[in-house]
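These are the residues of each chain, in order.
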Amino acid sequence: MSDLLLTPENRFQKQIEERLKKDGVELSVLNLGPTHPATHGIFQNILLMDGETILDGEGTVGYIHRAFEKIAENRPFYQINVLTDRLNYCSSPINNTGWWMTVEKALGIEIPKRVQYLRVIIMELARIADHIICSSVMGVDTGALTGFLYVMQYREKIYEIYEEICGARLTTNMGRIGGFEREWSETAWRKIDEFLNEFPGVWSEFENMLSRNRIFMDRTIGAGAVPAEMAMSYGFTGPNLRAAGIDYDVRVAQPYCSYEDFDFDVPVGQNGDCYDRFCVRNAEVWESMKIIRQAIAKMPEGPYHADVPEYYLPPKEDVYQNMEALIYHFKIVMGEIPVPNTEVYHAVEGGNGELGFYLITNGSRVPYRLHFRRPCFIYYQAFNEIVKGRSLSDAIITLSSMNVIAGELDC
Amino acid sequence: MSLDNQTIQKKLVDTFGLDIIEFHESHDILTFEINSKKNHEIIKFLKEDKDLNFNFLTDVCGVHFPDYEKNRQFAVVYHLHNWYKNVRIRIKCFTSTDNPNVDSVVDLYKSANWQERETYDFYGIKFNNHPQMKRILNMDEMESFPLRKEFPMEDQGRTDKDDRFFGRIPNNC
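Order-wise, the sequence lines are chains Y and E. Positions 1 to 411 (UniProt numbering) are the ones given, in order, by the first sequence. Positions 1 to 173 (UniProt numbering) are the ones given, in order, by the second sequence.
If you're looking for bench data, these hints aren't it; they were derived computationally from the structure. One should not assume that every hint holds.
[Claimed, not checked] Straight-line C-alpha distance at most 25 Å; calculated DSS-like pairs for lysine-lysine:
#1 E:Lys-126 x E:Lys-38
#2 Y:Lys-70 x E:Lys-149
#3 Y:Lys-70 x E:Lys-126
#4 Y:Lys-105 x E:Lys-92
#5 E:Lys-38 x Y:Lys-70
#6 E:Lys-126 x Y:Lys-388
#7 Y:Lys-388 x E:Lys-134
All values derive from a computational prediction rather than experimental measurement.
This is chain E alone, in the form it adopts within the complex:
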């Protein structure tokens, strides 16, 4: 029996009610937002429920939305995949800008370990209960979080490179 998006949505709404909102399909992948306090509980349910059975964590990454309101400027995006029925879903978990943190899912999927470290490294989103919450690609001494939108890509003081005419001025993207 195949698993369609309506079934997943119904099951989630029945179980978690208003903790899961904003269901929509984006290029065939069911996407929804979850309450950041309950991300571990919800992902555990998605993994262990015998109908849903999302056995594979494809991807974890962060996104920064500086234009959103203060309590939802950072998002952690999970892509889960059910291999048996070949269904993917995308889960977004928004967290605040003051102390961005969500619970780690390393105990459910070991592959989350480095991916959560990478997310922390680039966005400063802390993952609670992670066994080794430190930077991974950048050096440990670094203080800023380079993929946040306010972090400049290049040294803005450089004068040897003037390519305004090719569209590369600060804040144009």
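Here chain Y stands alone, though its shape is the one from the complex:
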């Protein structure tokens, strides 16, 4: 039996004994997690340490595994949206929209341009919220709490926009098959405008504080470097991949939601270290704001949802007075909507990488199989290889710079 099949504690115990016999050096085992302030989520790393240096490690994930794929096989399509919220909960609207687009692709629904633009705005806001957390938490882990608290106010403002659009803040459950549940209110537009006016100043202050800061640079440059080849082999996507110098972005490679209409850059780094990841995320925030401004400026007229009465809930007043509306309402709520027999893979650029939905339907009211391609789960497996031979403090900053979200890791 291979050693790797043992539990990490037992495997490391063997190594500790061998090393002690060999040259008398006492190694130790450090349990980083499952709940530790520096892990930002519930996952555990069992590390074999020689003093401050990490010799080996094993991540044990699954502490918040909630069997989403099993639940999804037993729920009608519109009820699966709440599961996607809880994947990367820092940017739920991207997950929601990704799921609706998967369903729309399977059902063959044409989406009005206006809905696509609205979705772009909300997804880019979500991306900003996601990057605010990751970048500012990197500051916290290198000892700068101020920036975190300062920019967190603006994540709050983004949450207020979500609240105005769908009523929820963190787990948004936003949208419906074919569009949004209601027209965006005046307040929502005003809040977006306010955000776009205030945030650039704040974000450049935040960037100035850290990006040329001696302490921050010394802590992050060269720490947790992932060369391009390794990033590709380990399935990196999103900012982590682009930091390594590969310009793969789903928004550009396979545009969805009319991303081809907007002019934006894909920032890339060079060395794939923590500092590059930080810079790439910061630059992406600027690009996201650019996209939102363009979307607002070009916003087409039109309805806020597609004309698909079989899938889109009718207004409640109609349900009481109109026969057809009542029938559709009943069918949708009971999950009796017709679904073709098909197989779809749809990917969106999530906050931390390519978020894919692989859906197989067999004509029944629930998915036959739904698999979430969670970017975190795939790139987090590189963590042990990255930190091997580095110090513990490097490991902490690497972990936060990779933006590993426990909800997405465990699904």
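Given chain Y's structure and the hints, the job is docking chain E onto it.
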């Protein structure tokens, strides 16, 4: 030069003949079935051939088809992506229900490591030559494979939750 699905199909048929069957396009992605004994060889070819060059393993997952015949009840589905020419393909690899196993592709793509462990964890499909073939999300002591269709989602003996009227009875999906 772009790489279209016909070229990929022709190249694969020329090289592997009847080991690759059932070519079809599903929402723009070329999908085909491969012989489960040769999955490693075929994926290696797809990765290393200089025209095909599928450099990125997007996704690995399992699917259970209890209604199919006995030697093809489990499928391992790979999504590969050629970043240079921006083409995706989907590969299905069916294996039998008695001893579901396929070869691991960890030596080609490191990202397969945890994804294959996840597939094993949920479906019990063994990946030969995998360096660490054990469960990942569920606990090691668990004996069943929860994403198989026969595994009930909830404790069927529960009496406190009666929602038959909302369509949730056993075997209705």
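Going through the hints against the structure:
1. E:Lys-126 x E:Lys-38: holds (15 Å)
2. Y:Lys-70 x E:Lys-149: holds (9 Å)
3. Y:Lys-70 x E:Lys-126: holds (20 Å)
4. Y:Lys-105 x E:Lys-92: Roughly 21 Å separates the two Cα atoms, so the pair holds.
5. E:Lys-38 x Y:Lys-70: With Cα atoms ~30 Å apart, Lys-38 of chain E and Lys-70 of chain Y exceed 25 Å; violated.
6. E:Lys-126 x Y:Lys-388: violated (28 Å)
7. Y:Lys-388 x E:Lys-134: Within the cut-off at roughly 22 Å; holds.
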